[in-house]
Structures are given as structure tokens and as C-alpha cells.
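Protein sequences, first through last, are from chains A and B. Numbering-wise (my numbering), the first sequence opens with residue 32 and increments by one. Numbering-wise (my numbering), the second sequence opens with residue -3 and increments by one.
Warning: the hint list may mix true and false statements.
As the list claims (entries may be wrong) - Computed footprint of chain B on chain A, listed as stretches where at least three residues anywhere in the stretch have a Cβ under 8 Å from a Cβ of chain B:
| no. | stretch |
| --- | --- |
| 1 | 115 to 121 |
| 2 | 216 to 227 |
| 3 | 371 to 384 |
The hints are simulated quantities; they were obtained by calculation from the structure and are not laboratory data. Given the structure is predicted, the values throughout are model-derived calculations rather than measurements. Think of the CB as a built atom: it goes at the ideal place given N, C-alpha and C, for glycine as much as any other residue.
Take a look at the letters that make up each chain.
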Amino acid sequence: MDPVAAARLRRLQLVGVLSGFTAGAWLGAAEAPTKMVSLGISPVVISLTMVLGVFLARWSLPALLRGTSAVRADVRQVPHLVVWAALAGCLWAVANTLTIFAIRDIGLSIAFPLWNANSLLGILWGIVFFSELRDAGRARRLGVLGGAVVMFGGATFLAVASSTQAVAGHPARGVAAALAAGALWGTMYIPYRKAYLTGMNPLSFVTFFTIGEVGMMTAIALADRGGPAALLAELARARDVLFWLLLGGFVWVVGDLFQQYAAKYVGISRGIPLSNTNQLWGLLWGVLVFGELHGASGRTYAQVVGGSLLMALGAGGIALASATGPEHRRWQDAAAREGERYAVDPGYTRSALAGEGAAATARGRTWLDWLIVTAATAVFVALARGARVPDLALDWPAITALAVVMLALLGGTGLLLWRTTRFN
Amino acid sequence: MTSPPHPRLAAMLRDAQFWVPVAVLLLGLLVLQWIR
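Construct the complete structure from the given sequences, taking the supplied hints into account.
As C-alpha cells, then:
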């Protein structure tokens, strides 16, 4: 496989790093709508409803951006990766449910850093399976590993400071749930990286990811609630807040799409820690919009400032330790091995790794794409009409400021991604 | 000798990148069952 030109590689690395930071901002904001939900709804039902919003977004956004014909073209090239995409969706659904139980049993302060250790596991899988950080040089390896450890420390400070949850008192079960969630989320990146190294487009991957996600989440919700009748009754009771949960799912998908591009262009060892900056953004929403930490002690504020600085420092270290030519060639070797194992066209794999679309995938939108986009929009509009505006004290100037920053990141990174890769 | 009918399936079943996520998923479901 021919090496990618140095200037092109630098540009792709920049796209990947900015995608990671944009993912953090949008994934953090996705937590906000869940705060608008009145108490009394089962955590599993909240998770299921968000996943349904995710499902609508994951089918409509790819249809809008590339068209379903491009998804079909991808599947013809790499049909085996549909299995990995669905598997990754199952991993996500189980992990997300485990985090809810972990927060219940040990509180957010202990649970969050435990599952955020997923980045350390992701680095391990990146090295073992995908030749990441090989031939990267000592300084870059130190930048990534040191950055991930510093971010882990920062995450611990932030989680302790933002902890307001009452703890039910099942420490062993809670710790097991949080560690298992971290293991699932860290392992979920094996399918991500495998798909992108082989050449599957992130927008195609998420289309099948969500089938595993909805299937697994529905099975968990049915088992938890005791059958379809009980589940439907609970969904009906929650109908006036369904819109906010679906909206949370939609915002999460925007963040996750950027996370996928980060995993593709900077690898999972760098992409996961960068998108884990979502904890920082979640805290910003909590403090600025919902007035959390109001009247807190100086010690708490010191933990927040210290933790935020540590996370920013770690993320900066990782961002500056981007892959160079020798490491990228090791990625290409790993991609070539994948191509041989699964009989994938080398031209398809090579062009995807360089962020270029194969000519055959460049198609326009069809009536099916517009039908999917219209149907998803109609569901959101219908639920918005019946939505109740929650009676919460919100800081609207802060919401406006955060929304402007998020939209600027979306527009700026999205434009760069389009110009550099055409969303490949 | 003829080639196997589903070479991609055979490659998948020999692939550690398939079995590691499957094993972790099963582990996660067991933990979920335990803590519920």
C-alpha cells in the first residue's frame, strides 16, 4: 500500500483531533435533556427512549449526508463488517444500562472515573490489534499514554466535585457495574477501528450499529419491565417528556458521528480520550445552565478548576502527539492484513484510509433517503407538539453561549471534514 | 479440494477481534443480571 503524502496525513490528523474535541462538546450536551425529566420514570425506559432518538438520527443523518445508496455500496464491499457494527451497538446498550445502575449504587463520583478508564483499555486494544503507537517515537507514545492518565486524574477530580447523588449502598455491585461499563465501552472501539481501517464509511457503520443498539436495549427494557404491556404503559405515562429524551439522543448522535471520524483518522488510542472531554462539557452545562454547585465550598470549586485544567492538559498532550508517517504506515500494514483476511479490494481500503471516497460510492440522494428524513422529522415534530416544557430554572444566556460554541464547532469541523474527506 | 463456501464467515470465526468483543459483551450481560 502506498504511503499517504505527509501534507495529506497532517491534514487528516487535524481533522481527527478536531472531530474528537467536537464529539466531546456534543456528547456532553446530550446529557442536558435528561435533567429535564421529572422523577418517577425508570432509568431503563429513559435509556430506551434516548436510544430510539438515536435510532431515528442514525438512519436520517447518513441518508441526508451521503444517501442510502452509498451505504449499500459500502456493504457490498465489506459485508462482514455489518456483524461488527451490530456487535458494537450491543456493547454500547449494555454499557449504558450498567452506568445507570452504577450511579445508583456508588454515586457519580466513583462511577464516572471508573468507566472513563475505557480510554486506557482502548489504548491497549489499539496497540494489540491495530498497530497503533508502533513506530510513533517515545515522545508521542508518552504524549498519548501520559495524556490519558492525566485526563483520568482530572476526570476523578471533576466527578468528585460534581457528585450530588445519594448513594444506595451496594458498593461491590456498583463498582462491578462501572468497571464492566468501562470494559464494554473500551472494547466497543475494536469494531469501530476494524471497520475504519478496512474502509467502511463511519456513516454506513452507524446505520448498522444502531440495529444492535435498539435490539439489545429493547430486550433489556422488556426483561427489566416484565413484558411489552408494562413497557408500553410506562412509555405512555412518559409521553410529555419523550421529545426531550429523543432530542438528547439526537444530540448524542451528532457527537458520536464526530467520535467515529476521530477513531478513523487519529485511531482509538487518541480518539477515545479526546471524546472523553465530554465530561468537561457536561459539567459546564450543569454549572452554568442548571446552577449546580451553587453555594458549594471553595474546596469543591478548587476540585472543579483543578480537574478541568488536568483534563484540558491531558487532551492537549494527546492532540499534539498525532501520528506521523512511520506510525501511519503501520496502520496501513494492519489495514492490508485485514483486506487479505476478508478479501477486500485493496483500492477501496487504501482510498478510505486516505480519506478519499471510491468513485463508485459517489451517488446522490434517492426518494428513499428523503422518505427516511421526512419520517424521522415527522416523529420529532409530532412529539414536540405534545411535549411539556419542564418547569426548571435555566440560565438562558449560558444556554445561548454554549449553543453558539457547539454550533461553531459543528460548522467549523464539519466544513473541514467535508473539504478534506467529503465525509469519507 | 474446493474452497469453503463462506470464506469470510470462516475468517470471522477465527478472528480474535470478533471473539474478544463477544466475550466482553457476555461478561457485561452477566454483571447486569447480577446487579439487577
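For each hint, the structure was consulted:
{"no.": "1", "hint": "115 to 121", "result": "holds (count 4)"}
{"no.": "2", "hint": "216 to 227", "result": "holds (count 5)"}
{"no.": "3", "hint": "371 to 384", "result": "holds (count 3)"}
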